[in-house]
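Assemble the whole structure, with the sequences as input and the hints as a guide.
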Amino acid sequence: MTGGRPMAEMTYRDALNQAMVEEMGRDDSVFLIGEEVAEYDGAYKVSRGMLDQFGARRVVDSPISELGVAGLGVGAAMVGLRPIVEFMTFNFSILALDQVINSAAKLYQMSHGQINVPIVFRGPTGAALQLGAQHSQACETYYVHAPGVKLATPATPADAKGLLKAAIRDDDPVAIMEGELLYNIKGEVPDDDDFIVPLGVADVKRAGDDVSIITHGKMVHVALQAAAQLAKDGVSAEVLDLRSLRPLDVDAILATVSKTNRVVYLEEGWPYAGIGAQIVAMIQEEAFDHLDAPILRVTQADVNMPYNKRLEQLVKPNAAKVVQACRKVLY
Amino acid sequence: MTGGRPMAEMTYRDALNQAMVEEMGRDDSVFLIGEEVAEYDGAYKVSRGMLDQFGARRVVDSPISELGVAGLGVGAAMVGLRPIVEFMTFNFSILALDQVINSAAKLYQMSHGQINVPIVFRGPTGAALQLGAQHSQACETYYVHAPGVKLATPATPADAKGLLKAAIRDDDPVAIMEGELLYNIKGEVPDDDDFIVPLGVADVKRAGDDVSIITHGKMVHVALQAAAQLAKDGVSAEVLDLRSLRPLDVDAILATVSKTNRVVYLEEGWPYAGIGAQIVAMIQEEAFDHLDAPILRVTQADVNMPYNKRLEQLVKPNAAKVVQACRKVLY
Amino acid sequence: MSEVDTVDRDRPATQELHGFSRERLHELMRAMLLYRRFEEKIEEAYAIGKIGGFCHVHIGQEATAAGTILPLRREDYVISAYRAHTQAIAKGVEPRAVMAELYGKATGCSGGLGGSMHLFNKAVGFMGGHGIVGAQAALAVGIAFGIKYRDEDSVVVCFLGDAAVNQGAFHEAMNMAAIWNLPVIYAVENNGYGMGTEFTRVSTTEMARKSASHGVPATVVNGQDVLETYRTFDELVERTRTGGGPQFVDVRTYRFRGHSMSDPVSGTYRSKQEVERKVDCEDPITLFRDQLFEADLMSQDELEALDAEVMVEVDAVEAFAESSPEPEESAIYDFVYSQQNEHGRLFMDGHDRGQANG
Amino acid sequence: MSEVDTVDRDRPATQELHGFSRERLHELMRAMLLYRRFEEKIEEAYAIGKIGGFCHVHIGQEATAAGTILPLRREDYVISAYRAHTQAIAKGVEPRAVMAELYGKATGCSGGLGGSMHLFNKAVGFMGGHGIVGAQAALAVGIAFGIKYRDEDSVVVCFLGDAAVNQGAFHEAMNMAAIWNLPVIYAVENNGYGMGTEFTRVSTTEMARKSASHGVPATVVNGQDVLETYRTFDELVERTRTGGGPQFVDVRTYRFRGHSMSDPVSGTYRSKQEVERKVDCEDPITLFRDQLFEADLMSQDELEALDAEVMVEVDAVEAFAESSPEPEESAIYDFVYSQQNEHGRLFMDGHDRGQANG
Ligand SMILES: Cc1ncc(C[n+]2csc(CCOP(=O)(O)OP(=O)(O)O)c2C)c(N)n1
Ligand SMILES: Cc1ncc(C[n+]2csc(CCOP(=O)(O)OP(=O)(O)O)c2C)c(N)n1
Ligand SMILES: [Mg+2]
Ligand SMILES: [Mg+2]
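Residue numbers (our numbering), protein chains in the order written: chain A, 162 to 492; chain B, 162 to 492; chain C, 191 to 548; chain D, 191 to 548.
I should point out that these hints are in silico values taken from the structure, not numbers from a laboratory.
Model, not experiment: these values are computed from the prediction.
All C-beta atoms in this analysis are idealised placements derived from N, C-alpha and C, irrespective of residue type, glycine included.
Any given hint could turn out to be false.
The list that follows gives simulated cross-link-like pairs (lysine-lysine, DSS-like), each with its CA atoms no further than 27 Å apart [claimed, not checked]:
1) A:Lys366 to A:Lys489
2) B:Lys470 to C:Lys240
3) A:Lys206 to D:Lys240
4) A:Lys477 to D:Lys240
5) A:Lys470 to D:Lys312
6) B:Lys206 to C:Lys462
7) A:Lys477 to A:Lys206
Computed footprint of chain A on chain D; a stretch qualifies when at least three of its residues, placed anywhere within it, have a C-beta under 8 Å from a C-beta of chain A [unchecked claim]:
8) 236 to 247
9) 297 to 304
10) 314 to 327
11) 348 to 357
12) 378 to 391
13) 515 to 525
Some chain C residues flagged as far from chain B (calculated, every beta-carbon gap over 10 Å) [unchecked claim]:
14) Glu284
15) Trp370
16) Glu494
17) Ala498
In structure tokens:
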């Protein structure tokens, strides 16, 4: 991926920050808006220092009006700006979904291509720790079901930077779903203003032969843990990080399936009409004869997230559950 | 299903009306609220005559405030009323989704069972004719992904009456998704105040041996057309109408799969994380060895609905596409 | 209008009314006649199935389009709801492109993809055509944000129906317009009803109070009086253009037809008598005609000539729409994404299967 | 309070202040001390990891809970946001059930499933504990609708933060409350900030104008003065209870702590000096103490005794929470649906696979 380039170690948070800073540096039409993004440096400090660097014209604290702010972003994009709308978390973006689905996703079509909407919606998705039912939702399905929006879910600092930069440069609406529990993780990030990770390219985060764990976002780390555990027992698991959920790298999916013939889909969200459901349906359609076992899905339990710590852990997907599912598809 | 009971022929519209009138007659805590439901008799005339019969206390015209009205309904349900919230169409309910997902679906859990939410959300889903991108969306996925809400999609007048009555009597939030193009269809409906169609029971709308067309809602009629066409060529297709998407009659699904070993899922909505994706994922997991061919999905094209009549027809699923998919799974 | 001069038949023809030149007044009359004839043609075409879907006309509300939009510059923006034919034309969208759009043709202003509810022409600043009640209020504030961000001196006029002020989006948007002092004018086309619901049933306050929570100044204008509306907007637009911030205008009007093509003109929610009284006494074209006749700024013959001219134009428009080609099938997939990414599959229905690394 | 009597030390102890009996005044003081000590205990417990998640305390805002809720009846309802510990206690939820909830225990008022942000006790009319800013405004109007529907004479008090008035849900709800004249009182706990955002940065109007669009009467009250708040609410509640319709109240207060446990008390958005000044001059407990001392309605000894009493209570509460059992694992699935349907599968993760006809 990064062959020979100079690298810098940084957190996922800082990688996102750098992506925004660089893109705002190269293009005046890019601006950031959201609750607490300016004076407070972002609820999760992702936009630290940006107000100082770019001023209140381009780093804008909004009222708590998710629907209105999303609409404002889309309107600004209609006249050629490139807004980055930060949702404090995607849980709150359900309030804004009308502007995402009915405006951002549809304007290019309704206007017959006169108006494109180069907007980025970003923020953390999914559960953190003990935040309870309303603050612990993985929102991917709400953003992929209707066509017209693209979606990426970076798992590492390098992907965070590269995908966010790709999203900002993309001419269509792109959602970037991050993770509260990812912001502090560290990794090597190419030290290059033009480093991008193109949308639509999956990444084999660990190569293996016996079983494929396909996943996205925060769960990549759980998959890697599971793969490490399996390795101890001599099972070689491949971990494919989709990175981008639309566009979707189906070639990479089919490649890992035809390599291992056994698949587990791991996701943070609920099962019903989840991302995994779609991937399973596609694989069985396009690689039916390559499957030696049914594909299993490891997801959040199909319940609302409890506050209690122990129950929360039981509800969330984890490496043990992934290992178990892998063993099952391996018989 | 209806063995020997006296039947009356009526439209789907009137069946829904009858369901509400009967339930409001037997339980004062049931009321109807929505845009134009009272003085205007409903945008699609589903509530015709109800204002006269029950008065403005129980048949309530609301402002155009989908989020607020949904929240009002949930609040009323929190103190024991049984609101029926009519969305003029489910397209507009995206504005209300926060109250559906974050209040209705979660209150029972967050309150540890102190507060249940016996609310019904109903109205048409999906496309009608030439209404363009914003008015032609099948919204099932948005209502099933998060746990806590039940969902049924009646295809016939009898199912409309029976499922709506079941929904009104259910102690949890239930969405009933109807269809603008279904309101005028006629059928036999049991003439019985206590006729209900329980949630969670699928219905074989046509028996067959060679291939199973599983579907729900308005598409049941398309499936039946396709089955009739296939029959002319000697192919015997079974049409399974799920009727209820949560709870889901998995037994019935597995039964038809193990009978025909070949499946097509037909739905009006988009493919990505659609209902079909879920059903396919479940079938391949639970009946892997019963499948002689990959399951194919027939869906709306993965695009925004165009206004132009001919293009709209191309985008929508139809009998010809279903026949083609059936032929494909039959090789 | 009580202030008009008593006309002396022997005087040479008057040259002005309230600062509008004779020529400008004729243009205004022509515009309103065009809107009326154009939408009457739509009604005919709808009746015989040439136009489909939901279709909402402005008949009776012509002065609101003319009086609010004609004062604008080309670089200004207009954004509206699903009742927008005459507004689109007023902003400079070609009538034939609007009609062709309703016919679902490739030559339509949205290529036949949008239909009556989704008219667009970015080049002349007509930003749609939106079907979700109230949503355009938030988009408008974004356009205004863009104007200010770039330090331009355009303004946005955002139309809303009276029923849209009960949407949260409207209030969120108006508050942001206020706190950032953005150049947007919210014009409520207050025809008294949202479908079958009279405004007084869904609000305890006057329309002009709806911006009070947000500190946006409100103005009430008789939207059946094209000159009053025009002068008011001329002034408000100037104020907003020069940094005066957002405005809220209650443009009082009345819908002469049903809510949409399938809605009867009168019925359960308003009486035949009410509609007849309004049509008889508050037709904006008749009122304007009377003003012009009284001020001796137009003759019956001139009026008839104008009307004949627009009828010819409307016939040509209809012929254009009728004879235009249907959109290509490729339009189905060509206008979902403006950027087809180099990698990966965008469409999950198999459309781009096998392309790129899909 | 400027109106207090000058106290003559030799007089027999005063028996009343503004119509509050000595006993009632002591109760009020005890309540506020309890809130303060209770939340100080929460801070300790959070610091050592006994409590998790987001946790928002009311320290500095005690008078708003006491003054607004203690005038209510048991049959009245309170609904709030995520900052609600003291409100729950004021409405009658047992302190130990609140603390146990924060500890995630089965004995918590939400069985350990809700946590700090989702406190519930339907039996005493405490309807949550809601985490989506503004959402409770719409739920409140529904509860009020239910009261009116059944012709009961309860009222609902709905708490909102100052930042919540910019949510569309608030405006939609307030409008419905007005048009149906519903018994709901919106009480803004106006602590001047939504997280790090000062109210004046997200509104150009005073808080009291926020209901103006909807015609709901507004009142401003000093929420640091428990008696003023109490009397105001007593009166407003009575008015609303007797059919007077909705009310909107700007309860002016100040948050002495950070927004949540992870937020510093002062920092980029407000100065240390500002906070110190407020803590020194506007602590509602200190202000109330001074009033009582001046009116000779409480002695230092009495105050200390009360404080010692609540400290003992809080220790017991904490011990209860600490020693309570964790919820059963079955709670995970038992509280998603209240009605497990006879047919079909409700859970798509395999939980009820093989049961019924799942
Ligand atoms: C969010 C939403 N809810 C409901 C509708 C259905 N609907 C279309 S127009 C309309 C009435 C709007 O009335 P008003 O705003 O007064 O505009 P008018 O039609 O009078 O121009 C309704 C309820 C919609 N399009 N969007
Ligand atoms: C819809 C929504 N957006 C954002 C948040 C995150 N959030 C939680 S509290 C808060 C600030 C609210 O401030 P205010 O309403 O003044 O209440 P306070 O915390 O001061 O009591 C924000 C932005 C949320 N919970 N819900
Ligand atoms: Mg109207
Ligand atoms: Mg606050």
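Each hint, compared with the structure:
no. : hint                 : verdict
1   : A:Lys366 to A:Lys489 : holds (22 Å)
2   : B:Lys470 to C:Lys240 : holds (10 Å)
3   : A:Lys206 to D:Lys240 : holds (26 Å)
4   : A:Lys477 to D:Lys240 : holds (21 Å)
5   : A:Lys470 to D:Lys312 : holds (24 Å)
6   : B:Lys206 to C:Lys462 : holds (21 Å)
7   : A:Lys477 to A:Lys206 : holds (26 Å)
8   : 236 to 247           : holds (count 3)
9   : 297 to 304           : holds (count 4)
10  : 314 to 327           : holds (count 5)
11  : 348 to 357           : holds (count 4)
12  : 378 to 391           : holds (count 5)
13  : 515 to 525           : holds (count 7)
14  : Glu284               : holds (18 Å)
15  : Trp370               : holds (24 Å)
16  : Glu494               : holds (36 Å)
17  : Ala498               : holds (32 Å)
When held up to the earlier numbered hints, the structure conflicts with none and fits them all.
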